[in-house]
Amino acid sequence: MQMQNHFELFGLAPAFAVEADALERSYREIQSQVHPDRFAHAGDAERRASLQWTTRVNEAYRTLKDPVQRARHLLELQGVDVAFETNTAMPSEFLMQQMELRESLEDATEKKDSSRLDLLRGNLGKSRLSLQQEIAEAIDAKKDYAAAADLVRKLQFLDRLDEEIDAAYETIE
Amino acid sequence: MALLQISEPGMSPEPHQARLAVGIDLGTTNSLVATVRSGSTAVLPDAHGRPLLPSIVRYLPDGRAEVGYAAQARQADDPKNTIVSVKRFMGRGVKDVAHIESSPYDFVDAPGMLQIRTVAGVKSPVEVSSEILRVLRERAELSLGGSLSGAVITVPAYFDDAQRQATKDAGRIAGLNVLRLLNEPTAAAIAYGLENAAEGTYAVYDLGGGTFDISILKLTKGVFEVVATSGDSMLGGDDFDQRVFCWAVEQAKLPPLSARDMRRLLVKAREAKEHLTVHGEAPITVKLSTGDVVDVSLDTETFCSITQTLVQKTLGPMRKALRDAGLSVEQVKGVVMVGGATRMPQIQRAVGEFFRRDPLNNLDPDKVVALGAAMQANVLAGNKPQGEDWLLLDVIPLSLGLETMGGLTEKIIPRNTTIPAGRAQEFTTFKDGQTGMSIHVVQGERELVSDCRSLARFELKGIPPMVAGAARIRVAFQVDADGLLSVSAKEGTSGVEASVTVKPSYGLADADVERMLRDSFEHAREDTHARALAEQRVDGQRLIEATRSALAADAKLLNADEREAIDAAIASLERLLPGTDHRAIRQAVEALNRATDEFAARRMDDGIKRALAGRKIGSL
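Same order as they appear, the protein sequences are chains E and L.
In terms of the working numbering, the first sequence opens at residue 1 and continues consecutively.
In terms of the working numbering, the second sequence opens at residue 1001 and continues consecutively.
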């Protein structure tokens, strides 16, 4: 049985605004059926099937939990390629803003200023949240997938910055 | 006395007897074995009533090995042949080992993993560990009165693939059916969580003899979910001993020491450390073979100051784990302390300050891991009915990736991904007519391959010549529930498929494991054939039972022909079981496995459908 989309696997309607509790509950219910711990004393055939299913369920869950991956998956289901790798064109205003944020990050790292890192992270969190709301609107309400793809690329930019902040914390510790 | 059960002819007796399963904490300093018996979990002591087995193996000239207290008693007399803290060497090369200059051993730098030359020959850390595991297996079998159906062996959460593979191999060589490698902090969380009916987010701070782990878990009814884990697999109580040792050498102005004197002083250093847990001052007095006498006294304040950097070293991983979990200290409901080294007051203080709450010490830090492992073993053996068991979701501690152009790492599976996990990535050729591609698998967080641990290298050959960039090479990573990785690669465009599956090079080749198995049986004077036969019978019996219970539940998923084929495979295996041909039994087991392949897949699909149906009804 090969399911077409990750939402179907969890019995959810395909939408960006996914109910985290329902997703988690469904994930756990499926895991409790297929997890290798259930089949540790079973035969090879069942253990193999269990490993394949759990791997698939984990991957699907990870995809749906992460906003960028979830949006990308939804757009792919609509036949829209987000093209993270090839399409790096961004509005110049957004790029300027990103450069400023990165400079500020570098500066905070050099000065080992963890409270500024906290501040950067706090602001970034807010920007990410509002972008996610825009994505939800573009995909779920307006069904404007091209616009959504642009927003998803922006969100991925912010996610990378978030990773860089993590790295910065590690550098100054 | 219980009444004997008499079953109808052709029916299997129900409920079946509980399978004998144990949890083993294979520690740097001490090891333990525990089990669940009639509902309660307990550590199994040795014949003298001692629960711990010192993880010390002494090799004798006749090839035998002494393990535990006997070996410990002779460590200072025979340092070269008495291996302590062997866990530090698992899956490690000579260059990886800290304080190698103060190790008394005669190391052999073998490819992949170091080895130690002893009076009984050159030994791999895997073989040394298997001696410890064998003693624990024998202890359990004697105490439980039967051969074990399986064992859960714990490993530090921060162990990488090579260290895990080495541990699993040691289990096999010791004659154990390894049901699962379980992360130590996760095992502790199971024991703590069940004992205290704990719910919410907890941290487990596990400082053992040689390794440090910090895991953050979300506990909800029936689910243990690891959210993030971090640590240092080269930091533990041993390092505190080492600091005390160096301090004493400096204080007493000692010249370079012989292997024996080194061991003598190290033993005293450890005793002083333990003494300081409850006292303000500890004497270190030892007469060396040179006639020098060490007579110094270590007070708490000095001890804290010489070990302060070690305590600090545990803070970085704690912050990292919290960041990875996306949590602040306030969101952590409690911190469970595990490992003998957490008895040190300065550790308790540092953890308390970091988390701004008193650490939880209500379980014995030496035993909690073994107890949790025993509880998990009981579940994995199938001794708990569905509904009374729990779901355990663990993660990989370090990212897994590949080397790409320019010596850079491409992460395929990031750290803290829930296991089992699988991911594939496509690569292409960069030269016209390129027919081979070398694939280098690494583990670690750093960008440069040279800063990560190399797990395996292999070559994909037979790619049909094409222009650069036309080939599609799909490299697939699969991490199983033990956290062990296998990698395969295949070229897709041409229909010509080259495929290879690798086991990490730090693990041993299957042939090595076979040889060690043979050697170990010779020394243990066990009959190899008898052992193989017993194992195959247990395997066969287990498979028949599992298949029958699957049939009882889901026979409706099969048509008459399919049912007949499975019944025939069961019958033929059953016929062979009382015989003495272990190879024939093995073949019948494999045949039954093949016969149930499709049935297993259908059952799994059906399970998912039922889970979803249940959810929909439940949410109506």
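By construction, these hints were calculated from the structure, which means they are not laboratory data.
The beta-carbon is built from N, C-alpha and C at its ideal position, and this holds for glycine as well.
Any given hint could turn out to be false.
[Claimed, not checked] Calculated cross-link-like contacts (lysine-lysine; reagent style BS3-like; alpha-carbon spacing at most 30 Å):
id : chain 1 : residue 1 : chain 2 : residue 2
1  : L       : Lys1313   : E       : Lys111
2  : L       : Lys1411   : E       : Lys112
3  : L       : Lys1253   : E       : Lys154
4  : E       : Lys143    : E       : Lys65
5  : L       : Lys1218   : E       : Lys65
6  : L       : Lys1431   : L       : Lys1218
7  : L       : Lys1490   : L       : Lys1384
8  : E       : Lys126    : L       : Lys1411
9  : E       : Lys65     : L       : Lys1411
10 : E       : Lys112    : L       : Lys1313
11 : L       : Lys1333   : E       : Lys126
[Said to hold, decoys possible] What follows is a set of in silico ranges between Cβ atoms, one per label pair, in the way DEER data are often shown:
id : chain 1 : residue 1 : chain 2 : residue 2 : range
12 : E       : Glu106    : L       : Ala1073   : 30 to 38 Å
13 : E       : Ser114    : L       : Glu1459   : 40 to 48 Å
14 : E       : Asp66     : L       : His1099   : 25 to 33 Å
Hints, verified against the model:
1. L/Lys1313 - E/Lys111: holds, 22 Å
2. L/Lys1411 - E/Lys112: Satisfied, since the Cα-Cα distance of roughly 28 Å is no more than 30 Å.
3. L/Lys1253 - E/Lys154: violated, 63 Å
4. E/Lys143 - E/Lys65: holds, 21 Å
5. L/Lys1218 - E/Lys65: The given pair, whose Cα atoms are some 16 Å apart, holds under the 30 Å limit.
6. L/Lys1431 - L/Lys1218: Given pair lysine 1431 of chain L, lysine 1218 of chain L is violated - Cα atoms ~49 Å apart, limit 30 Å.
7. L/Lys1490 - L/Lys1384: violated, 41 Å
8. E/Lys126 - L/Lys1411: holds, 28 Å
9. E/Lys65 - L/Lys1411: holds, 19 Å
10. E/Lys112 - L/Lys1313: holds, 18 Å
11. L/Lys1333 - E/Lys126: Cα-Cα ~26 Å, so holds.
12. E/Glu106 - L/Ala1073: 30 to 38 Å: Since glutamate 106 of chain E and alanine 1073 of chain L have Cβ atoms about 59 Å apart, the given range 30 to 38 Å is violated.
13. E/Ser114 - L/Glu1459: 40 to 48 Å: This hint holds: roughly 46 Å between Cβ atoms.
14. E/Asp66 - L/His1099: 25 to 33 Å: At roughly 42 Å between Cβ atoms, histidine 1099 of chain L and aspartate 66 of chain E fall outside 25 to 33 Å, so the hint is violated.
When each numbered hint is compared with the structure, violations occur for hints 3, 6, 7, 12, 14.
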